[in-house]
Amino acid sequence: MCSIEEGDLADLRAREEAQHLKAQALSDTGPTLCQKCRSAPAVLLLRVNDIYCRDCFVAAFTHKFRSTLGKSRLLRPDEPALVAFSGGVASSVLARLVSDGASQTDSKRLRLRPSLLMVDESAVVPEQDVKEVERLAGTYRVPVYRAKLEAVMGASGAHVVERVNCKLKEESTGDDGGTESLQAPPEAASCDSVSSEATVLPDEARLAELRAQLQQLWSAAGSGTAREQLLERLRSELLARAALQLGIRLLLLADTETRLAVSLLSGLAGGRGAHAHQQTALADRRHGERLLVLRPLRELSSKQVALFAHHCRVQYVPGVGPDTMAPASASIGRATEEFVLGLQASFPATVSTVYRTGTKLSAVGAMTEDCALCRLPLDTSGGAASALQATRFSQMVSSSGPDRFQYDHHSADTAAGDARATVLPPAAGNGSCGTDTPRCVESGGGCCGGGGEGCGSAQTVSRKPSREELLERLCYGCQLVMKDMKEVDNMPSFVTEEVAARTRRENMRKEIQDFLIEDS
Amino acid sequence: MAPKCKTGCGKNAILKRPKTGDALCRECFFWAFETEVHNTVTAARLFRRGQYVAVAASGGKDSTVLAHVMKELNQRYDYGLRLVLLSIDEGITGYRDDSLETVKRNRDQYGIPLTVLSYEDLYGWTMDDIVKQVGLRNNCTFCGVFRRQALDRGAAQLGVDQIVTGHNADDIAETVVMNVLRGDIARLQRCTAISTGTEGSIPRSKPFKYTYEKEIVMYAYFKKLDYFSTECIYSPNAYRGYARAYLKDLEAIRATSIIDIIHSGESLAVRDAARLPTQGTCSRCQYISSQPVCKACVLLQGLNQGRPRLGIGKSSKVQERARETEGESGDRSEVDSATVTVGAG
Numbered sequence: 001m002c003s004i005e006e007g008d009l010a011d012l013r014a015r016e017e018a019q020h021l022k023a024q025a026l027s028d029t030g031p032t033l034c035q036k037c038r039s040a041p042a043v044l045l046l047r048v049n050d051i052y053c054r055d056c057f058v059a060a061f062t063h064k065f066r067s068t069l070g071k072s073r074l075l076r077p078d079e080p081a082l083v084a085f086s087g088g089v090a091s092s093v094l095a096r097l098v099s100d101g102a103s104q105t106d107s108k109r110l111r112l113r114p115s116l117l118m119v120d121e122s123a124v125v126p127e128q129d130v131k132e133v134e135r136l137a138g139t140y141r142v143p144v145y146r147a148k149l150e151a152v153m154g155a156s157g158a159h160v161v162e163r164v165n166c167k168l169k170e171e172s173t174g175d176d177g178g179t180e181s182l183q184a185p186p187e188a189a190s191c192d193s194v195s196s197e198a199t200v201l202p203d204e205a206r207l208a209e210l211r212a213q214l215q216q217l218w219s220a221a222g223s224g225t226a227r228e229q230l231l232e233r234l235r236s237e238l239l240a241r242a243a244l245q246l247g248i249r250l251l252l253l254a255d256t257e258t259r260l261a262v263s264l265l266s267g268l269a270g271g272r273g274a275h276a277h278q279q280t281a282l283a284d285r286r287h288g289e290r291l292l293v294l295r296p297l298r299e300l301s302s303k304q305v306a307l308f309a310h311h312c313r314v315q316y317v318p319g320v321g322p323d324t325m326a327p328a329s330a331s332i333g334r335a336t337e338e339f340v341l342g343l344q345a346s347f348p349a350t351v352s353t354v355y356r357t358g359t360k361l362s363a364v365g366a367m368t369e370d371c372a373l374c375r376l377p378l379d380t381s382g383g384a385a386s387a388l389q390a391t392r393f394s395q396m397v398s399s400s401g402p403d404r405f406q407y408d409h410h411s412a413d414t415a416a417g418d419a420r421a422t423v424l425p426p427a428a429g430n431g432s433c434g435t436d437t438p439r440c441v442e443s444g445g446g447c448c449g450g451g452g453e454g455c456g457s458a459q460t461v462s463r464k465p466s467r468e469e470l471l472e473r474l475c476y477g478c479q480l481v482m483k484d485m486k487e488v489d490n491m492p493s494f495v496t497e498e499v500a501a502r503t504r505r506e507n508m509r510k511e512i513q514d515f516l517i518e519d520s
Numbered sequence: 001m002a003p004k005c006k007t008g009c010g011k012n013a014i015l016k017r018p019k020t021g022d023a024l025c026r027e028c029f030f031w032a033f034e035t036e037v038h039n040t041v042t043a044a045r046l047f048r049r050g051q052y053v054a055v056a057a058s059g060g061k062d063s064t065v066l067a068h069v070m071k072e073l074n075q076r077y078d079y080g081l082r083l084v085l086l087s088i089d090e091g092i093t094g095y096r097d098d099s100l101e102t103v104k105r106n107r108d109q110y111g112i113p114l115t116v117l118s119y120e121d122l123y124g125w126t127m128d129d130i131v132k133q134v135g136l137r138n139n140c141t142f143c144g145v146f147r148r149q150a151l152d153r154g155a156a157q158l159g160v161d162q163i164v165t166g167h168n169a170d171d172i173a174e175t176v177v178m179n180v181l182r183g184d185i186a187r188l189q190r191c192t193a194i195s196t197g198t199e200g201s202i203p204r205s206k207p208f209k210y211t212y213e214k215e216i217v218m219y220a221y222f223k224k225l226d227y228f229s230t231e232c233i234y235s236p237n238a239y240r241g242y243a244r245a246y247l248k249d250l251e252a253i254r255a256t257s258i259i260d261i262i263h264s265g266e267s268l269a270v271r272d273a274a275r276l277p278t279q280g281t282c283s284r285c286q287y288i289s290s291q292p293v294c295k296a297c298v299l300l301q302g303l304n305q306g307r308p309r310l311g312i313g314k315s316s317k318v319q320e321r322a323r324e325t326e327g328e329s330g331d332r333s334e335v336d337s338a339t340v341t342v343g344a345g
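Each protein sequence line maps, in turn, to chains H and V. Under the UniProt record's numbering, the first sequence has 120 at position 120, and the numbering climbs by one with no breaks. Under the UniProt record's numbering, the second sequence has 181 at position 181, and the numbering climbs by one with no breaks.
Don't take every hint at face value.
Unchecked claim - Cβ-to-Cβ under 8 Å is the rule here; a few derived chain H residues that face chain V:
(1) A385
(2) L388
(3) A390
(4) Q395
(5) S398
(6) L480
It is worth saying that the hints were derived from the structure and are not from the lab. We put the beta carbon where it would ideally sit given N, CA and C, even for glycine.
Same shape as in the complex, but just chain H (with noise of 0.2 Å):
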């Protein structure tokens, strides 16, 4: 209720406070000095009272860097690490620090030996220039590696990455940075990709299939927001996988302070509370013991990782997704950018606020399962007093009217207990899903194994999961991507391939609960 807290009065004076600063640096009264060295003119004003000369700024920014990934003390000594690539500013500025870092030769070296992975996303974002992204990648002297993001569709146990080989113009003469034979001086030029023998990616006819699949996917997500989740959780899942195949345990991600800010909000916004910590954590475990995919560039905002790029002269290309150039209505992580980066222009506290916000959460406790599409704990089984529950509840009262809903010999319990409570109700109005696909909805009705116990599960392997079974093993989120999806069918393997599991598991359990000894 209050409108103008303390916490606004200093952000107001921080910002007049900068403004006088940067007055005063623009001045003809001679230059600035940089507030850390005091001997070179200042180039650069971060924030309030923050102003540094180039050098002073590029040690802070790379001390920042170096800490963030010292502090987790979760690296081995001289392990393999891939960095995600995706030729954009900050993972440009990430794969220039890790490689910097490892081509050290004083005792300073960051023992790791990095090599880039770079996403070809074309099949759904045709702008993508990845040529050029490819050829960014060869100027690092380290080993690239590619993956196409239709292959992320295919079985678990496919292949999904291959070895970029750049032709060089000259042959380097330096043995630091990457452990095998391909090296690349910065300038490299001409790379062409070809497929080493060491992975047998799926023939390229399979993969015409996987990439219609993936377009097929594509155009049935009906709204700009489910499409951006859609991208985001396959471009990871595809990331992991292909850290896996390699053999790297580490993987490195280029999200800054002011991108996990963002998904931080829109996470919220999108009803993913209860993974918000995993959403801005340094360490990202979802997929196990094998694989640790960290954020180093997690304390550094987009303006710092823009200047160091600025002035140390890294080579990006300017981003290009689904959402480039669009409105702010386009999504809520449109929307949610806008409104962060607004504030933040108003208010400089913002995204630090709101990233440290993340950071004082935590991992919501153990849950029965994880989440098919995110592998990130289920948040759907809500309580008689819920979100979802009242949600359900409202749905189930809208369409049944007083004539036919007797609530008193229901009680609260009803929409908790009898519909299970753990699926949202479709999205009504748009008629976007229910109507137009008959499916064997409910369970237990003697149709084609939705729960039925005739059903025996080689059936249930080839048969694609209805609507209704994906949502049961789906977060509250992916339950809302869903929501605003046209049809379920070219849904990507390793998630048909959880829900296939789990529901024989379920059947396997019904079949023996009566002798079961704890549940009973």
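With chain H's structure known, arrange chain V on it following the hints.
Same frame as chain H, but now just chain V:
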């Protein structure tokens, strides 16, 4: 040609529910709205038979509809509650005096007794006086802090078992966003609780927690309920306005955003290591406080000593200043429940 009501009752629909998108007729909407509130009440086990419950009434749409629905449901489902309207008169000319008239009409229409407590009786200051002292910038801090305590004092005086407030789903979602923006982890954690109440304070609950603001307006509109709708004349509401605009944008993109955010808020888990303030009692007025001296007493001390900014700022510094200047008590009395007079409106 109007569409038919979704429930199949045969009547023409007159509205599309913002919450579910279903087209309903007037009667079915009223029924659905009330049944949902009843469901929230029973699912969260908000009341026990025989309880004496104060409805915090401002005269605005939320509390007017709340009073109406509480009375309806209490009769229909036989909750066995005794209801009373409790209003706080902040002393804002041209705003609260008008809205209190609405509450008085509600009292007569619904036959629920009304109690009005004023800032002037409780603290010796009206908001009009406070604004003269502190200006427009921080006056909401005073009003918010004082009102929270005033409601509790009023409730204690009446001897009620709990207070129900008209906070709706939109308010709660907005508060979640605000607390994230402020980094206020303690409030973020408790702001989605449907019922709050710790040792020493009277429980408060929000029966409209899952009710969309738009549906409350629709209900009031079609029931022709009498309510007061004017923004407070002293509230510029700058920062909260951003959060509100953001929510509106989200809702336009995905209609369920409000409830999705509440779900998020309900499923957040706070890190154990994150330090949360412990609740104690104020050494001056015995009201619950996380500091040695509660915010209301510090604010009041500042007002009485002619240094209104005393209570504004970081709480650690505020406490320090309050201790330093404690001796120089001003001419007006401190919060003293003995001086409170309850005007039965």
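Cross-check of the supplied hints:
1. A385: 4 Å, holds
2. L388: Result: holds, 6 Å to nearest chain V Cβ.
3. A390: The hint holds - H:A390 has a Cβ within 8 Å of chain V, the shortest such distance being about 4 Å.
4. Q395: Nearest chain V Cβ about 6 Å off; hint holds.
5. S398: Hint on H:S398: holds, closest Cβ of chain V at ~4 Å, below 8 Å.
6. L480: 7 Å, holds
Violation of the numbered hints given earlier is absent; every hint is satisfied by the structure.
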